[in-house]
Each structure stands twice: as structure tokens, then as C-alpha cells.
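Peer 1: Order-wise, the sequence lines are chains A and B.
For the first sequence, position 89 (counting from the first letter as 1) is numbered 89 according to this note's numbering, and the numbering increases by one without interruption.
For the second sequence, position 83 (counting from the first letter as 1) is numbered 83 according to this note's numbering, and the numbering increases by one without interruption.
FYI, nobody ran anything at the bench for these hints, they're computed from the structure.
Source: prediction; values computed, not measured.
Just so you know, even glycine gets a beta-carbon here, dropped at the ideal spot from N, CA and C.
A hint or two may mislead.
Partner residues are not named here, just some residues of chain A that face chain B (Cβ under 7 Å, in silico) [stated by the list, open to error]:
1) Glu34
2) Val41
3) His124
Listed next, with one range per pair, are the computed distances between beta-carbon atoms [claimed, not checked]:
4) B:Gln67 - A:Thr102: 46 to 56 Å
5) A:Ala64 - B:Arg4: 47 to 57 Å
6) A:Asn96 - B:Asp11: 48 to 58 Å
7) B:Pro129 - A:Ala64: 17 to 27 Å
8) B:Gln53 - A:Ala64: 35 to 45 Å
9) A:Gly117 - B:Ile94: 38 to 48 Å
10) B:Ala63 - A:Gly50: 33 to 43 Å
11) A:Gly117 - B:Ser93: 40 to 50 Å
12) A:Gly50 - B:Val103: 40 to 50 Å
13) A:Gln67 - B:Ile61: 46 to 56 Å
14) B:Ser93 - A:Ile5: 45 to 55 Å
Residue strings, one per chain:
Number of protein chains: 2
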Amino acid sequence: MTGRIFPTAQDAENAFYEALERCDLDGMMAVWAEDEEIVCVHPAGERLSGQDQVRESWARIFAAGPQARVRIEQQVAISAMMLAVHSVFESFSIPNKPEAQTVPVIATNVYLRTAAGWRMIVHHASPAPAAPPAAPRDTPPKILH
Amino acid sequence: MTGRIFPTAQDAENAFYEALERCDLDGMMAVWAEDEEIVCVHPAGERLSGQDQVRESWARIFAAGPQARVRIEQQVAISAMMLAVHSVFESFSIPNKPEAQTVPVIATNVYLRTAAGWRMIVHHASPAPAAPPAAPRDTPPKILH
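Isolated chain A, as found in the complex:
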């Protein structure tokens, strides 16, 4: 999995949320740049930096096994030649528990174009105060020239 190549930042983002839903640690770490400058902030959590801290945090989160579905919406994307920034809402819900409230999270995801394709370098997530407003913001990504 670590040799996986993501041709676009969106491919890396899709793989990130797939790994998150599947609690797939190898899949998750294959999304991140092999770099000590990576930064990860889980909702209400510390800032983690470097491969070791980031891997350890996901291992701890995934230890409970697959349980949550994540719906991504209202993406605002800005991309340049080497870096891409996506702002998204994450809605976490537990399958087979329709009575459970979905938990809204705001995330800023930053991707870097490396020799091995696009990789995540920043995931900053924080609790959103309420469900996102209804108006969709899934506008086409803005490309900088």
C-alpha cells in the first residue's frame, strides 16, 4: 500500500476517507507524505507532527474497529502546482444506529505533490458547532496558474 500513487489531490482525499471508514492503518499512512513536517489535529486534540505521532494516533483511533461512516460535503478547494488545500465538512454517523446523531466536523486538508504523487501533509479537524448550512458549496476547484 505504501507504494500507492495518487494522481490528484482529490484521489489522495478519497483514499484518506476510505481508509478512515475502513480503519485501515496501512491505507491511511499511504496517504500521508513520508515527511517529518506533516501535521495532524484530531477534533479537540493535540497537534501531532511527524510520521510516528500521526501513525500512533490513527492506530489508537482504529483500534475500536470499523464503525463510522463519513459523508464529505461543501468542499472548498484551492490548488496550485505543488500544494492543494481542501476545506470540507465531515459528517460522522454510525451505521445501524439511525437514532444516533451525526457528528459534524470541519476539516482543512492540505496535499503536497511529491515524486510519488499527491500526499496529505496537513489534516486539521475540529468540531463544528452545528450541522452545516443547507446551501451546497461543492463548487469546482479553483486552479491557480
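With chain A's structure known, arrange chain B on it following the hints.
Peer 2: The following block gives chain B in isolation, referenced to the frame of chain A:
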């Protein structure tokens, strides 16, 4: 103020925190890109996007007048030709109230190189669970070629 040019992303970041301390709305908005894709998340707040929402939020925050000092530390910076990403700890404290606790905040700041110099496009701040660990992380910024 809106014609101010920031030659580097760090210049834009310095101006951002100066405007924040001075409650200077014009100075604050001069830091932001004149772009509808800008995104701002205040600690525990909604995701705001576009000039109107971002300006209105700072006007509301600044209405109380200058009061907080902000110390920035442990910056992790990654920059490319058009975009720069800074992860920082913000420590808010109230002058003349030494007994007040400093409030630690984690922020992801993203800057875009525009025709008018570097401007902020994303400010995502969230409460940090505790004071940052002691080990300094003020490493030189990593430049991508």
C-alpha cells in the same frame, strides 16, 4: 491599507496577528485575499467563507476593542511557489490580568501568492487541549522546489 503588499507569507502572517492584537479591521482584511474562496474557522465556530462572512466575523470579534496579546510559537511551515501553509500555536493572554490563564489555540494558516503579494486564504483555529509541549518546533521553513 488594502493596497498593502506582503513580499512573503511570513509578512502576511505577522500582519495578521498584529491586526488581531490591535483589533484593526482594515489591517485584518488587507491580509486576506480578495477572493470568494477564502475560509475562516474561529475556535469552536462555524466555517465562514467569502469576504463578507469573514469581515463580519472579525468586526464582531473586534467590537470589544483591543485586549488580548497573542504569542505565536512552534511554527511548522511548508511553502511552495504559490501556496504556503503554516501550522502554529496561538497563546492568548489578557494584559494586566496575570492571573488569567492563557488560552492555547492551534491554527492552520494558508497563504496564496497573488499579483498583490502574499495573502491569507485559510485560517482554521481550534482550541488546543492544553498548553503546547515544551519542545520548541521553530524549525526553519521547508521550501519545496
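Peer 1: With reference to the structure, classify each hint as holding or not holding.
Peer 2: Structure-based check of each hint:
no., hint, result
1, Glu34, "violated (13 Å)"
2, Val41, "holds (5 Å)"
3, His124, "holds (4 Å)"
4, B:Gln67 - A:Thr102: 46 to 56 Å, "violated (36 Å)"
5, A:Ala64 - B:Arg4: 47 to 57 Å, "holds (49 Å)"
6, A:Asn96 - B:Asp11: 48 to 58 Å, "holds (52 Å)"
7, B:Pro129 - A:Ala64: 17 to 27 Å, "holds (20 Å)"
8, B:Gln53 - A:Ala64: 35 to 45 Å, "holds (36 Å)"
9, A:Gly117 - B:Ile94: 38 to 48 Å, "holds (47 Å)"
10, B:Ala63 - A:Gly50: 33 to 43 Å, "holds (40 Å)"
11, A:Gly117 - B:Ser93: 40 to 50 Å, "holds (43 Å)"
12, A:Gly50 - B:Val103: 40 to 50 Å, "violated (26 Å)"
13, A:Gln67 - B:Ile61: 46 to 56 Å, "violated (37 Å)"
14, B:Ser93 - A:Ile5: 45 to 55 Å, "holds (46 Å)"
Hint check: violations occur at hints 1, 4, 12, 13; the rest are consistent with the structure.
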